[in-house]
Amino acid sequence: QQQVKQSPQSLIVQKGGIPIINCAYENTAFDYFPWYQQFPGKGPALLIAIRPDVSEKKEGRFTISFNKSAKQFSLHIMDSQPGDSATYFCAARGFNAGNNRKLIWGLGTSLAVNP
Amino acid sequence: NAGVTQTPKFQVLKTGQSMTLQCAQDMNHNSMYWYRQDPGMGLRLIYYSASEGTTDKGEVPNGYNVSRLNKREFSLRLESAAPSQTSVYFCASSPEFGGYTFGSGTRLTVV
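So the sequences go chain by chain: A and B. Numbers 1 to 115, taken from my numbering, label the letters of the first sequence in order. Numbers 1001 to 1111, taken from my numbering, label the letters of the second sequence in order.
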């Protein structure tokens, strides 16, 4: 059962465009929502993360928007560049007691930014 | 450089052979994870270790075993490799309340 649904599966934009990747979750116990970026041949790397007490977080050209009532969060890439071409994963984690705080992952979005 | 180190980077096995994938982290993280990544299927958790001395099954544990040797090291063993285990394997570690740090992966082909 997939608890984090990510869309679209793939996305193509022109340089300077603003790609938006969306994720929806089901478990209201989630309290940490990171995005990871993966380049071909590399492991995923943490890009930006948000907690549900804020509605937006910006780091450089990357912005997370968070809608707690809709249980949705999205990644926006401002002024996208060809170097942003990568696979992006959203994830979520709960605050359950004990050590079971594994990340639950979306299936990923392959982004291509054309020059 | 601090981080997660995986060995080997590439491996070709024959069906039925065994091998161990090694992972070590130097960030003093308590938790460590093994994932496999296949096209269109995202990251699937094989096993994880929430702390030294504990291991638990993830989504796809069949055909694998793990050992948390100490706080730094977490190995993944394939006892009898099958073509269905052809994949890219990633090890990751995390502190209790932070993001994951991934290794660069092991590309395994079983023929």
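FYI, nobody ran anything at the bench for these hints, they're computed from the structure. On a predicted model such as this, the values are computed, not experimentally measured, just so you know. Some clues are possibly wrong.
[Stated by the list, open to error] Taking lysine-lysine and the DSS-like style, the derived pairs with C-alpha atoms no more than 30 Å apart in a straight line are:
id : chain 1 : residue 1 : chain 2 : residue 2
1  : B       : K1071     : A       : K68
2  : A       : K5        : B       : K1014
3  : A       : K102      : A       : K42
4  : A       : K102      : B       : K1057
5  : B       : K1014     : A       : K57
6  : A       : K42       : A       : K57
7  : B       : K1009     : A       : K42
8  : B       : K1014     : A       : K71
Comparing the hints with the structure gives:
no.	hint	in the structure
1	K1071(B) / K68(A)	violated (36 Å)
2	K5(A) / K1014(B)	violated (36 Å)
3	K102(A) / K42(A)	holds (21 Å)
4	K102(A) / K1057(B)	holds (12 Å)
5	K1014(B) / K57(A)	violated (48 Å)
6	K42(A) / K57(A)	holds (26 Å)
7	K1009(B) / K42(A)	holds (11 Å)
8	K1014(B) / K71(A)	violated (46 Å)
When the structure is compared with the earlier hints, violations turn up for hints 1, 2, 5 and 8 and for no others.
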